[in-house]
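Trainee: Here is how the chains run, residue by residue.
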Amino acid sequence: MTGAAHGFDRRARARRLTVLLALLLMVMSVASLGWGAAGTSVWGAVADLAAGRALSPLDRLVLFDIRLPRLFLCILVGAALAVSGALMQGLFRNPLADPGIVGVSAGASLAAITAIVLGGLLPATVLSFAGDYLVAIAAFLGGWASTLLLYRVATRGGQTSVATMLLAGIALTALAMALVGVLTYLADDRQLRDLTFWQMGSLAGATWPKVLAAAPIILTALAAAPLLARGLNGLALGEAAAGHIGIPVQRVKNMAILTVAAATGAAVAVSGGIGFVGIVVPHVLRLASGPDHHTLLPNAALLGASLLLAADMIARTVLAPAELPIGIVTAILGAPVFLWILLRRHGAMGM
Amino acid sequence: MEALNITASLGRRQILQGVSAIANPGELTAIAGPNGCGKSTLLRCVTGEIPYSGEVRLNGMNVAKQTPWKLAALRAVQPQTAEVAFPFTVLEIVRLGLSAGLSAASSTLPFQALEAVDLAGFAGRFYQDLSGGKKQRVQLARVLVQVWQPMAHGKPRWLILDEPVSALDIGHQYTVMDLVKDYARRGGGVVAVMHDLNLTAMYADQVVLMQAGRVLADGPPQEVLTAENLSTAYNCRVPVSAPAPAGLPYLLPQARGTAA
Amino acid sequence: MIIATQGAGPVATIDVLKEAGVSFVELPVEYSAEGILNKIRLTGSALGQEAAAEALAVKVSADLDAAGAAAAAAAGGDPKRVLFVLTAMGGRIMAGGQNSAADAIIAMAGGVNAAQGFDGYKPMSAEAIATAKPDVVLMMTNGGDTETTDADLLAIPALALTPAARTGSVVRMNGQLLLGFGPRTAEGVRILSDALYGGAEG
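Chains as they are written, first to last, in numbering that gives the first Met the number 0: chain A, 0 to 350; chain B, 0 to 259; chain C, 0 to 201.
Read the hints as simulated data drawn from the structure, not as lab findings.
A few of these clues could be false.
Below, a sample of chain B positions facing chain A; criterion: calculated Cβ distance under 7 Å [what the hints assert, rightly or not]:
no.: 1; residue: Phe87
no.: 2; residue: Leu95
no.: 3; residue: Phe121
no.: 4; residue: Trp147
We put the CB at the ideal spot given by N, CA and C, even for glycine.
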């Protein structure tokens, strides 16, 4: 007598979903590679390569130096944001926790902007050591500090208050934005225009060095996430009960915070603030195949990547040849979902 | 399992003042006492949920020095209130009791446990949609799955239950008490905080009666659940009768107005 | 008296100033020679200096005509494609499209705006830039030390294959001269034309 025989074991469904989502990501990737202002065709390029013909320099540039790094960056950032959201929701035991909403992204942005504007003041040795990674490291530290602060503020005696969490997130975001405001006075004209990019989020300007800077951090975080699955499932019972079923609760919490900070920080460092991916993706997946983090986390990575690829294709095309910041696209897609969750949970939120 | 000279405070208030108690494997030990006497606090010290001074020993080991996963293999704890975040199904909740290593052989265990708590057929239901009593039984099933065999490697395993029947109707109270009593009979240890003194009298092998953060009396129910002890503990007259055949004491609150 | 350009704000502040009885003159924004002359005449009449303004307008008009004609001659029948880049940090290029000061000055200097298909200053997609094939990249000098170097700029994938990158053609000009559309615009046109076509006809 197994669960599958009863037809209500959602593990099998979730695993089938993993396969489907992997296929979806492949389709989206090919579509994204073939989609753009230049008339370069993937199939034409593949046919050329297969026939041993050299690609035209423009096709080569468009495919390998513009679309491919952007594709990878998009997948990395989408996966990082969605998994961060799922981890944070597991940690806070609440489906509304999201790095963008509770101020973690704002903290990471603040640190990154500080690095852009004031980075030149650092000692030369630090600068040469940090090099191109300075902004990414700053974003990671900013994300980490704000996640820790948030957890301290919103959690008392193992219970996380949703209201406190959201309010603390608003306060944290407001504080970060105020400090960004101070920095804009110090920034020159050019830095100023650049900060706008940060706040709206964009995957434009993706290059291989950026992919290579973000990939180690994000891939490490993604690899660490499944190790937390059992711990997060246990935490759903409450911290005490999680401990009683053998979960090292404090270690799970620390690791989750570190992973969220790393993934969010790296994502923010290369793409600015892209909101709502972390809230929409896990929510949809929980509806489809349940809240078990063993399958939720990998599925979130896959769906997050696909969703961001779709959003990026929209961002690249609606105003072509100009581009819409992708953060605007995800906000338009995601904000209604956020409201919908709030409405459905009305009265049951412990506010 | 032994609790030695446990002292604990919540905030500035000292709740437990040097409590010592022993629970033996193969027995059901009930912790009873009036509201606020510290019985739940004692349980939370024993399970390591709150800081305490003194020592808790389980199968001879100091509990404070054990890792969570080692303890989890030895004892399972049923919480008093059990709200669960996210829409897990009953089956998924019960499966949380399975340790990571067990897989194929244990796939039927959750169903056996659900059947044992009279929830066969509820595996696919959403936990959040269940009534309080059913939630309580789901939690018990989860706890049972965690330490399914009462003995492991020749050593007893333990069920620690915080008011396991508080939300149950009388039929399910018997179901659950029979279940845990059987667990003790098969060699495991059961420690339960109990509110219902009649059920305590019927099922407990040992009773620890507490009052104001101290142990007032402990021993078999016949010795502990006396009119004198209970009247002191609960600060009101509690007449107790013991009819000859079974020798078990039972409470007769209706006699309050008449007997002296 | 306050002289402002059209669209100065915030609106509430402007409203308060107007209600307070401060005489408030708004100069329309129009990126053309006509627009410049219009601004000069409006400013003159606001200050009661119509004659002086008219004299300046005539001079500026002649200057602009001359600069425009010289630029057109320099370009000959082969105008260069010019991409105006407002910012390029982080590899994200914000370019000047139609109905922008950049678009207008490029045309006056005998060039063709390489950024087609959108209005104002917007982030432009990398592929669109690569296929727009600009001959020259035009930027403002900021005087700051955070400026992107020519080498860094032309190494951005979007620009790497363009004729501008092949010939290393990056032109940097004072922002007010380039985009200000005032009496000095003729000078801006001349400088830009010289930068684009080598100033042979000078």
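Trainee: Now look at each hint and say whether the structure bears it out.
Mentor: Status of the hints after comparison with the structure:
Because the smallest distance between the Cβ of B:Phe87 and any Cβ of chain A comes to about 6 Å, under 7 Å, the interface hint for this residue holds. Here the hint on B:Leu95 is kept, as its CB sits about 6 Å from the closest CB of chain A, short of 7 Å. At a threshold of 7 Å, the smallest CB-CB gap from B:Phe121 to chain A is about 10 Å, leaving the interface hint violated. A least Cβ separation of about 13 Å between B:Trp147 and chain A goes past the 7 Å threshold, and the interface hint is therefore violated.
The structure shown violates the earlier hints numbered 3, 4.
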